[in-house]
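Protein chains in written order, with the working numbering: chain S, 8 to 314; chain B, 7 to 350.
Check each hint, because a few of them may be wrong.
To be verified - Derived DSSO-like pairs: lysine-lysine, alpha-carbon spacing no greater than 27 angstroms straight-line:
{"no.": "1", "chain 1": "S", "residue 1": "LYS264", "chain 2": "B", "residue 2": "LYS165"}
{"no.": "2", "chain 1": "S", "residue 1": "LYS88", "chain 2": "B", "residue 2": "LYS198"}
{"no.": "3", "chain 1": "B", "residue 1": "LYS278", "chain 2": "B", "residue 2": "LYS208"}
{"no.": "4", "chain 1": "B", "residue 1": "LYS208", "chain 2": "S", "residue 2": "LYS264"}
{"no.": "5", "chain 1": "B", "residue 1": "LYS278", "chain 2": "B", "residue 2": "LYS49"}
The set of hints was computed from the structure by calculation and includes no laboratory data. Everything numeric in this text was worked out from a predicted model, so none of it was measured.
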Amino acid sequence: MAADISSGGSSTITTYQGQGARMMLPAWVIIGFFLVLPVGMMLVYSFLTKEFRGGVIWDFSLAAYDQFFFDRGLFGDEPPKIEWTYITIFWRSIWQAAVATVLCLLIGFPTAWFIATRAGPARSIWLFAITIPYWVNLLIRTISMKFLIRDNGPLNEFLLAIGVIGEPIGLINTNFAVQLGLFYSYLPFMVLPIYASVERYNMAYSEAAADLYASKWAALRFVVLPIVKPGIIAGCILVFVPSLGAFLAPDLLGGAKNFMIGSLIEEQFKGNAGNWPFGAAASMILLSMVLVVLAFYARAQTKAGDR
Amino acid sequence: MKLALKLGASALALTLAATSAKAEGELSLYHWFEYIPQELLDKFSAEYDVTVTMDTFDSNEAMLAALKAGKLGSYDVAVPGDYMVEIMIGEGMLDSFEPSEVSNFGNIAPQWVDVSFDPGRAHSIPYQWGSTSFSVNRDVYAGDINTTSILFDPPAELKGKINMLDSQGEVMALASLHLGIPQCTSDRDQLKALNDLLQAAKADWASFGSDVAKDVLVSGDAAAGMIWNGFSAKAREEGANIEYAFPKEGFVVWMDNVVLLKDAPNRDNALKFMNFLLEPENAAAVTNYAQYTAGVTGVDGFLSEAVTGAPELSPPADQAGEFVMACDQDVQEVYDTIWTNLKK
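Could you put together the complete structure from these sequences and hints?
Given below as structure tokens:
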């Protein structure tokens, strides 16, 4: 995609005839200015020499990538070993994002199915209800979540009052709290695409499956899922990708004890570290990972289209 | 002084006092989040017929990053902490002025005129100062709290219930005081000891958070927490049964300063504003709002009772705090590695 744009877009534009080309221009300008330029700048910065306390020196250097992959000890003069620190941080973020995505899917799919199978007016009301919490800023919602699950918050007080637990369950400052926060933050991104797929699903297929003695599970597995799969994949990507770079939920609900990808990168620009090339390199590595995920999606989509 | 909520804090711009379009001039201020009362800005606008615009930041490092990324030349004054003033002087980001250009220069408290980070005050004036140590919930722990062991080798009652400031410089400084080693040491054994200390102590900590430092003490999420003195006073006023410690190993003092930025578009108004802040009445207004301590003499008559009676603001006379030092590059890189190790 990037190659198309950087080659001036002329080859792409000529494939559109007449007015279309000119109509596309604003879109290309926006993509070029807000996507290609910043990402290109990041790519360049990741190969420059860091300036102490932030900034870059315009000398080519692989130091940022070296720092990411090789451990040279506390003082930087030991023979290089494989650096596990950043792999650990990335793996933690991927795991948190994956759990949040699965949680969203487990709750989001039945929800979307429920909404899509209501009658017209009721459907609009349910959809509306899904979006209401999202009128409030993400920061405020994350803080509210913190209030709810803290040791002397309403959730624990309620469970204590009805005698389910003897002492507060320590939810706050755990990985599960982070997963819960991510799940809550991004649930609609799962529900809405699945809803869009299910809405177009023809219920006659399910009836046909039932007529042919398919069990409910078999009908779901072999009839429904293949048809709504694009919606599920889109939902998973829309939840997984922002979860990967999230820093609010880890900071507020997880207690910021461990870096996530987002906070690691933030630290390079806003913290004491002031290592811009390393922040840029970590961003590029994250971006590459996201592109791989998207490539899988594109392939799955193409296959679905072939059928 | 990092009261800010992380998200959007630095992006939030307040345009103030647009009382009339024909104001005499403008002043562009780059300041901490929630650190100056609105009334004081309005008062300055009215007195000098100047339109004030303020952007806010939430850490010294975030401010430095923004200025480096091209904002220098668009602001007149900023409010960096002590070590950051030194760094900004080193980076050539500050303009200088003569004491004669600021008629209230004589109001600066004598001990804050010739400071290590800006000898003779050629670039800055004091804003507020305070200390950083920690507070302990007295319902949870009744023993002696005036030792840094509370954070780095906590008693059983406090294990797993400690919040640390998410601030590398201050954590490293307190840890160094605990070990009795100099800040920014380049001695390898001492740096290793620092790394080991933090690794071991981390197991006893519940969370890192600066903006939430007060909140977790008030809510009881944390039974002890590293905190700034004024912030701790506010937590106490909000009902937390906490006591602020002045540990025998030492504690961190800090001072925020108003600096004149290089290429300030409104240098004259910047100096007027600095002069304005050196008026005892105005300095006291900031103190009453933020609950730290002014660096100006003659404020006593203007202070509120909440401030004059606060134990957090009166360190024992025989104990001196230590400023956070700005380390040189080699040591800072090791510090960064230690910090990343701590949070990996």
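Results for each hint:
1. S:LYS264 <-> B:LYS165: holds, 15 angstroms
2. S:LYS88 <-> B:LYS198: holds, 19 angstroms
3. B:LYS278 <-> B:LYS208: violated, 47 angstroms
4. B:LYS208 <-> S:LYS264: Holds - the C-alpha atoms of LYS264 of chain S and LYS208 of chain B are around 8 angstroms apart, at most 27 angstroms.
5. B:LYS278 <-> B:LYS49: holds, 13 angstroms
The structure shown violates just one earlier hint, number 3.
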